[in-house]
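Undergrad: Model the full structure from these sequences, guided by the hints.
2 protein chains.
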Amino acid sequence: MIPVKKISLDKAGQSRRKFIYNITTAVGTGMVLSSPLISKAAGFVKRNDQYTVKQVIDLFMKQVPGAPFPNTVDTLKSGSPDTVISGIVTSMFATIDVIRKTIDLGANFIIVHEPTFYNHTDATDWLKDDDVYQYKIDLLNKHNIAVWRNHDTIHTLKPDGVTKGVLAQLEWQQYAGKDIPNILTFPQTTLKDLIAHAKDKLHIEKVRFVGDPDQQCTKVLFIPGAAGGTRQIGAIIKVKPDVLICGEISEWETAEYVRDARAKGDNISLVVLGHIASEEPGSEFMLQWLKENVPSIKATHIYCGNSLSFM
Amino acid sequence: MIPVKKISLDKAGQSRRKFIYNITTAVGTGMVLSSPLISKAAGFVKRNDQYTVKQVIDLFMKQVPGAPFPNTVDTLKSGSPDTVISGIVTSMFATIDVIRKTIDLGANFIIVHEPTFYNHTDATDWLKDDDVYQYKIDLLNKHNIAVWRNHDTIHTLKPDGVTKGVLAQLEWQQYAGKDIPNILTFPQTTLKDLIAHAKDKLHIEKVRFVGDPDQQCTKVLFIPGAAGGTRQIGAIIKVKPDVLICGEISEWETAEYVRDARAKGDNISLVVLGHIASEEPGSEFMLQWLKENVPSIKATHIYCGNSLSFM
Numbered sequence: 306m307i308p309v310k311k312i313s314l315d316k317a318g319q320s321r322r323k324f325i326y327n328i329t330t331a332v333g334t335g336m337v338l339s340s341p342l343i344s345k346a347a348g349f350v351k352r353n354d355q356y357t358v359k360q361v362i363d364l365f366m367k368q369v370p371g372a373p374f375p376n377t378v379d380t381l382k383s384g385s386p387d388t389v390i391s392g393i394v395t396s397m398f399a400t401i402d403v404i405r406k407t408i409d410l411g412a413n414f415i416i417v418h419e420p421t422f423y424n425h426t427d428a429t430d431w432l433k434d435d436d437v438y439q440y441k442i443d444l445l446n447k448h449n450i451a452v453w454r455n456h457d458t459i460h461t462l463k464p465d466g467v468t469k470g471v472l473a474q475l476e477w478q479q480y481a482g483k484d485i486p487n488i489l490t491f492p493q494t495t496l497k498d499l500i501a502h503a504k505d506k507l508h509i510e511k512v513r514f515v516g517d518p519d520q521q522c523t524k525v526l527f528i529p530g531a532a533g534g535t536r537q538i539g540a541i542i543k544v545k546p547d548v549l550i551c552g553e554i555s556e557w558e559t560a561e562y563v564r565d566a567r568a569k570g571d572n573i574s575l576v577v578l579g580h581i582a583s584e585e586p587g588s589e590f591m592l593q594w595l596k597e598n599v600p601s602i603k604a605t606h607i608y609c610g611n612s613l614s615f616m
Numbered sequence: 306m307i308p309v310k311k312i313s314l315d316k317a318g319q320s321r322r323k324f325i326y327n328i329t330t331a332v333g334t335g336m337v338l339s340s341p342l343i344s345k346a347a348g349f350v351k352r353n354d355q356y357t358v359k360q361v362i363d364l365f366m367k368q369v370p371g372a373p374f375p376n377t378v379d380t381l382k383s384g385s386p387d388t389v390i391s392g393i394v395t396s397m398f399a400t401i402d403v404i405r406k407t408i409d410l411g412a413n414f415i416i417v418h419e420p421t422f423y424n425h426t427d428a429t430d431w432l433k434d435d436d437v438y439q440y441k442i443d444l445l446n447k448h449n450i451a452v453w454r455n456h457d458t459i460h461t462l463k464p465d466g467v468t469k470g471v472l473a474q475l476e477w478q479q480y481a482g483k484d485i486p487n488i489l490t491f492p493q494t495t496l497k498d499l500i501a502h503a504k505d506k507l508h509i510e511k512v513r514f515v516g517d518p519d520q521q522c523t524k525v526l527f528i529p530g531a532a533g534g535t536r537q538i539g540a541i542i543k544v545k546p547d548v549l550i551c552g553e554i555s556e557w558e559t560a561e562y563v564r565d566a567r568a569k570g571d572n573i574s575l576v577v578l579g580h581i582a583s584e585e586p587g588s589e590f591m592l593q594w595l596k597e598n599v600p601s602i603k604a605t606h607i608y609c610g611n612s613l614s615f616m
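Top line first, the protein sequences correspond to chains A and B. Per the working numbering, the very first residue in the first sequence carries number 306; after that it's consecutive. Per the working numbering, the very first residue in the second sequence carries number 306; after that it's consecutive.
No wet-lab data here; the hints were simulated from the structure. Warning: the hint list may mix true and false statements.
Because identical chains share one entry, a pair is satisfied inside a single copy or across any pair of copies.
[Unchecked claim] Heads up, simulated DSS-like pairs for lysine-lysine below, C-alpha to C-alpha not over 30 Å straight-line:
hint, residue 1, residue 2
1, Lys447, Lys497
2, Lys603, Lys569
3, Lys511, Lys569
4, Lys367, Lys504
5, Lys497, Lys511
6, Lys433, Lys603
7, Lys433, Lys511
8, Lys367, Lys524
9, Lys524, Lys511
10, Lys524, Lys447
11, Lys569, Lys447
TA: Put into structure tokens, the structure is as follows:
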């Protein structure tokens, strides 16, 4: 988290904001953050209060002990931390299309979950002579739009904000474990029924899967996004679910493990929802957080859509 | 390449094999390797000659200057280099099912293209207590089966053995560039026709794609496997194709770049065939190489099938 002092130094005239920050620190992060109404309840924030990009980032990071983490990818990808926010858009990706819609809305701050420049760390050296990159960064610069990636932080929130958002959209909260919501216990359900439900609720054209559509599933391991083979397989080994439902895999990792486990005789399946479909509701979670914590800012969730179609 | 001396030291009674190796070294690797009939032509190899695992690996590596490369993944994943080969199977993956079929064939050497233990380097420490891993390694050990990954080496062959195999199965050799076969020039073809052809020839249930099915395509960039976002996008930037056809992507990389390029106005599409479908014919290339270079060994290509289905 960016220290309070820094905020007041960077941005003149923010003493009231600084005071609020100090209050929340004094009261204790845990309690403050569990209360979405803290700003209003404390009576310090007016509906028409202005915020800078940095202040909103800071407010979110305050909830997660240790944030910002060393080497985090949760950095600004464009724009200035000192920009006064005219409106916020939440989305999985700041695609060129999402940026255009943001401009149309009169907003100037996009909070995304995934990279803006096609690689995890958003390195741009290799793209500097590319006209797609140039077009995108020029568009952002011309309209003074700040893009912040909220990936490591929202995932470290307890409970994980993305998982919470997706479980809500799936209407699966009742099946989620209390300690680990990623482990769900269903009444006996066939794999094909689970898939049909997820496709319907998450607006998915097709999923990829390994398994028997008629397999009965009770224990579901749900890991949105692309956690990587070691984590996905490691979790399967530990949890021994009937099915792993995830966002994205590397085909030589998790798919092959599940294929081998089935060949050995294990009752396990794999469902790959698609990365965007599996984490998109995290942007809806973020929207709700903004509405509750910085209600004076107009915030909009723009669905960037799934990039991939099927033929 | 393992030096000739080492082979004769490691394996007693291989003086004749050693002599052949020395001859090929003296004549020059380039010429020798361009002639698949060298062994027979030289008159030193009988149809019933025996080979060790190491000798076959060595013979293949001899074609690629500098192989084995530092930190290559082209290592033995099970078995001994000194095992006398009873039969060879080529496949994309040594799945448990492929291993069982290998045993049924009486073969004891599997040449794969991709990992055996669900991660690129085939690290197994993290799997040692897992019963799927244990089942698989026990099966390999019990039947003394050697598994060798031929990934870096076959890709560095000129031309790339995998690309060559896939272009042959696609019947696209006539469209391939002479210097860079991965850049193909077609008569005007729609994206949907290209996809339909690839699905038919490579036995694909569904592809994932970004683009307009009616887009006219002439210049096709074809990169089998999962080359990674930086290489895939870097190649798009350099080649400026109408479409990139590849095996696998990370969704936050190449798919998003192509989506943005299209939003900017570029006439570009992306087709994701699936990793196995896009490289499987490399195992057919390997089979042909074995038949031509070690004709005394019974060699079989086992199609491991695509791991993922669609629903």
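Undergrad: Indicate, hint by hint, whether the structure satisfies it.
TA: Hints, verified against the model:
no., hint, verdict
1, Lys447 - Lys497, "neither (48 Å within a copy, 37 Å between copies)"
2, Lys603 - Lys569, "between (54 Å within a copy, 27 Å between copies)"
3, Lys511 - Lys569, "both (28 Å within a copy, 27 Å between copies)"
4, Lys367 - Lys504, "neither (35 Å within a copy, 51 Å between copies)"
5, Lys497 - Lys511, "both (12 Å within a copy, 18 Å between copies)"
6, Lys433 - Lys603, "neither (33 Å within a copy, 53 Å between copies)"
7, Lys433 - Lys511, "neither (35 Å within a copy, 35 Å between copies)"
8, Lys367 - Lys524, "neither (34 Å within a copy, 51 Å between copies)"
9, Lys524 - Lys511, "both (22 Å within a copy, 29 Å between copies)"
10, Lys524 - Lys447, "neither (50 Å within a copy, 34 Å between copies)"
11, Lys569 - Lys447, "between (58 Å within a copy, 15 Å between copies)"
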